[in-house]
Amino acid sequence: MHITGWTVALAALGVIPAALTESRTTAWAWIIGVGVLALLDVWLAAPTSWVGVRRGTPGSVRLTQSTHATLLVANVGRRRVRGVVRDAWQPSAGATGERHAFALRPGESETFRTSLLPTRRGDRLAGPVTVRTVGPLRLAGRQRSFEAPARLRVLPEFASRRHLPSRLVRLREIDGRTAVRLKGAGSEFDSLREYVVGDDVRAIDWRGTARRGEVVVRTYRPERDRRVVIALDSARLSAARVGEAPRLDASIEAALLLAALASHAGDRVQATAFDRTEQARAASSGSQMVAALADALATVEPSLLEPDWPALVRLVESRVSQRSLVVLLTTVDTSAMDSGLIEAVVALQRKHQVLVGSVEDPELGEMMAGRTDADAIYDAGAASRAMLEREAVATRLRQLGAEVVLALPDDLAPAVCDRYLALKAAGRL
Amino acid sequence: MTAPAPLHTAAPGTGLRARARRGRLGIVALALLCGLVAILVIGSRPGDYVPLSTENSTPSGARAVAQILRGHGVEVRQVDALARAAVREPDATTVVVANAALLTGGQVRSLVEYPGDVVLLGESGAALVPLGIDATEEAILVPRTVTAACEDPDAVAAGTARVDLIGLVADGTAATLCFPQGDGVSAFARVEQGGRTVTAIASSSLVTNAQLDSAGHAALAVRSLGRHADVVWYVADGFDPSLLTWAGSGSGEVPTEVEATPDFLPPGTGSAFYAIALAVAVAALWRARRFGALVSEPLPVVVRASEATRGRARLYRRARATGRSAASLRAAAALRMGRRLGVSRTDGRDALIRAVSRAADRPEADVDRLLYGPPPHDDAALLTLISELDALESEVHRP
Chain U
1 MHITGWTVAL AALGVIPAAL TESRTTAWAW IIGVGVLALL DVWLAAPTSW
51 VGVRRGTPGS VRLTQSTHAT LLVANVGRRR VRGVVRDAWQ PSAGATGERH
101 AFALRPGESE TFRTSLLPTR RGDRLAGPVT VRTVGPLRLA GRQRSFEAPA
151 RLRVLPEFAS RRHLPSRLVR LREIDGRTAV RLKGAGSEFD SLREYVVGDD
201 VRAIDWRGTA RRGEVVVRTY RPERDRRVVI ALDSARLSAA RVGEAPRLDA
251 SIEAALLLAA LASHAGDRVQ ATAFDRTEQA RAASSGSQMV AALADALATV
301 EPSLLEPDWP ALVRLVESRV SQRSLVVLLT TVDTSAMDSG LIEAVVALQR
351 KHQVLVGSVE DPELGEMMAG RTDADAIYDA GAASRAMLER EAVATRLRQL
401 GAEVVLALPD DLAPAVCDRY LALKAAGRL
Chain B
1001 MTAPAPLHTA APGTGLRARA RRGRLGIVAL ALLCGLVAIL VIGSRPGDYV
1051 PLSTENSTPS GARAVAQILR GHGVEVRQVD ALARAAVREP DATTVVVANA
1101 ALLTGGQVRS LVEYPGDVVL LGESGAALVP LGIDATEEAI LVPRTVTAAC
1151 EDPDAVAAGT ARVDLIGLVA DGTAATLCFP QGDGVSAFAR VEQGGRTVTA
1201 IASSSLVTNA QLDSAGHAAL AVRSLGRHAD VVWYVADGFD PSLLTWAGSG
1251 SGEVPTEVEA TPDFLPPGTG SAFYAIALAV AVAALWRARR FGALVSEPLP
1301 VVVRASEATR GRARLYRRAR ATGRSAASLR AAAALRMGRR LGVSRTDGRD
1351 ALIRAVSRAA DRPEADVDRL LYGPPPHDDA ALLTLISELD ALESEVHRP
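Protein chains in written order, with the working numbering: chain U, 1 to 429; chain B, 1001 to 1399.
Just chain U, same shape as in the assembly (with noise of 0.2 Å):
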């Protein structure tokens, strides 16, 4: 049940008869009078259960694209129905317009669209919708909530997805495909063929020649095929936020990055994300890659677990047997000498070829720099102190013989698509 400003404007005209008649009584009989007025309006309402909806929504969004989720109202009563519906969502789907009236003759029905600008990564559930039907006073009328239930996927926002032009180019330098295709890092053997004038006489294979009766050169092409393993840890100190986002977000694009530059690239790409399980995973060639990985990155959250290391570097293990460039999307501070980073490291880099990726706090540039006074000096010297520590494991880490990229959150996804399209060209994947 509710009423409707109707009433109180009636409710207001009230002042007139009492203030004519000098008695209270008057008054009171008047708000009693508005009273019974609205019941009767109430019971004069369509019921609640005439009216049928079914929500719509699109799969996927993007995180800060804006979208709208449909709401169909239908008449399933015998009457015309005339009310509001609410639409309501959870607050961070960023729901503008979610009253919409309608009226509605038995058997009709309408489409209402609530535009939504989600704020958050993740899943985004619908809440109740909630229907008033009015009665033909417009005083007043029923009200009722109910569950339909509707589910709109927020996507990372992959705005790093900026760099991926400069970086194909890159990429194509390397590839061969604008430069003279030689034998050197970062290529592999691709077959024989006969020789035409202009072919670099060093690329003449003297065996095949000998073999087939003409000159033959061997062509190359760059590496393909290689495996890139990308590990996200969500667990701890990943909840960190760092500028606006928690850490986490920055890897997600570090990892949306990687897959799109390494898909281009031939390379077969999988992720994980992990605490002490593992919270999501994406196994996909070509361009279906970035649209899987994103959509399973999507809900994963960080949890307030320390990371199981040696679980993941069974888990590699199983996932991969060829070599592969496994690409540890973490936290390089002091507790990695405890917490079994290096020791993961040390185990992976056996077999394969790691990268450290680490998101670095810019706050923690600014507290290094402060010099106001004396607190700011000692602000200075304790991000001093942190600053030492993360180089003195991350020189452990280039020790073992991993790669290390401490970044920005903004700079950290080209910084580890800069560090793989390095070790492709000296074609250590």
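Think of the hints as simulated: they come from the structure by calculation, not from any bench.
Mixed in with the good hints there might be a few duds.
[Claimed, not checked] Residues of chain U clear of chain B, computed beta-carbon distances all greater than 12 Å:
(1) H2
(2) T96
(3) R207
(4) A380
(5) D411
[Said to hold, decoys possible] Sample of chain U residues lacking proximity to chain B, with all beta carbon distances greater than 10 Å (derived):
(6) W30
(7) V36
(8) V61
(9) L63
(10) R151
(11) R161
(12) G198
(13) D200
(14) A292
(15) G340
(16) K351
(17) D418
[As the list claims (entries may be wrong)] Under 10 Å between C-beta atoms, here's a sample of chain U residues computed to sit facing chain B:
(18) P17
(19) R99
(20) G127
(21) Q143
(22) E343
Note that the Cβ used here is the ideal one computed from N, Cα and C, for glycine as well.
Place chain B on chain U using the hints.
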């Protein structure tokens, strides 16, 4: 084509009626509570705790004497404003004024002009002399039971009385004073004046519920208050400025209704505001009804990544760890300069010092002191060291 998903509707029957059926116990409890509150509200009249009020049943009240007077056929009427007294027959009415000391000058003058009998209870202050009782009040420190010791028939009939709180000391001979204590302080005074009797019962405990049954109090009270068939009882409170009214006062008419506080607003304003208040209550109901419940959502924890470092900085600050801060900053600067100059950490102290002194064009001893010198002892030394270190670093990083 797939069949469209079914429509969601509110399950019929679980509306208000079903909820009422389910929550029957709650409704019964609510009804019981309402009934209880109603009984309590109706059953308990607002308590009257004003001393000497005829509605006050506490020891300081005067309900007992009013009831005894009513039992003797006297009509006792208490008024909350002096103007409401509206005495019709001053000859047959006693006006009782408690705490006359709180009356305004105008009110005392209207009492002086009043032709009928007047009884003053308790402290009367400046009202005594204009009303003909030439006495002043004095506090009684030790209550005592004394005999009438005067000619007044009421006092003689009462015999003894316990004198308490306030007494009267005669300044002249016009008034008859009764129940004197040893030092001449009396509890009761009476004067016949221009065809009326003015009585002052200064020791007000004589008529209170607590003391009415002791000594000759009841007799004194009934005789002095019940001289006429009507009693108008007024307890002065200092807030009521209205004057005593009687048939013949002012314009000669007995006013039926007198506004104690005159209203300058047009008639009907009060009830209009009342109606507005009711409309506001309806508006509150309108706005208070929520259009569906809030939708809950689990939110992630918000921990800043720099929390741990900030905590460490606070510890440094509290401990005034100048040495440790300086060591960190020196090591960080050495690391940056070493990177810039291509000196690895494993090359050692001397290699770095040499490289830095060459790059910054400074003596090696100076560089050594800045990078590896003794730790500073206070904040000032720390600030000086760090500014020198920054200067050195900027020289090294100069393009």
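Against the structure, the hints:
1. H2: About 5 Å separates H2 (chain U) from the closest Cβ of chain B, which leaves it inside 12 Å; violated.
2. T96: holds (14 Å)
3. R207: holds (45 Å)
4. A380: violated (6 Å)
5. D411: Holds: least Cβ distance 16 Å, greater than 12 Å.
6. W30: violated (7 Å)
7. V36: holds (13 Å)
8. V61: holds (17 Å)
9. L63: With a cut-off of 10 Å, L63 (chain U) remains clear of chain B, as the shortest Cβ separation is near 14 Å.
10. R151: Holds: least Cβ distance 13 Å, greater than 10 Å.
11. R161: About 24 Å separates R161 (chain U) from the closest Cβ of chain B, which puts it past 10 Å; holds.
12. G198: holds (43 Å)
13. D200: Correct as stated: the minimum Cβ-Cβ distance to chain B is 36 Å, above 10 Å.
14. A292: At about 24 Å from chain B, A292 (chain U) clears the 10 Å cut-off, so the statement holds.
15. G340: About 20 Å separates G340 (chain U) from the closest Cβ of chain B, which puts it past 10 Å; holds.
16. K351: For K351 (chain U), whose nearest Cβ neighbour in chain B is about 28 Å away, the distance exceeds 10 Å, so it holds.
17. D418: holds (19 Å)
18. P17: holds (8 Å)
19. R99: holds (7 Å)
20. G127: holds (3 Å)
21. Q143: Holds, because the Cβ-Cβ distance from Q143 (chain U) to chain B comes to roughly 7 Å (cut-off 10 Å).
22. E343: violated (23 Å)
Of the numbered hints given earlier, the model fails hints 1, 4, 6, 22; all others are met.
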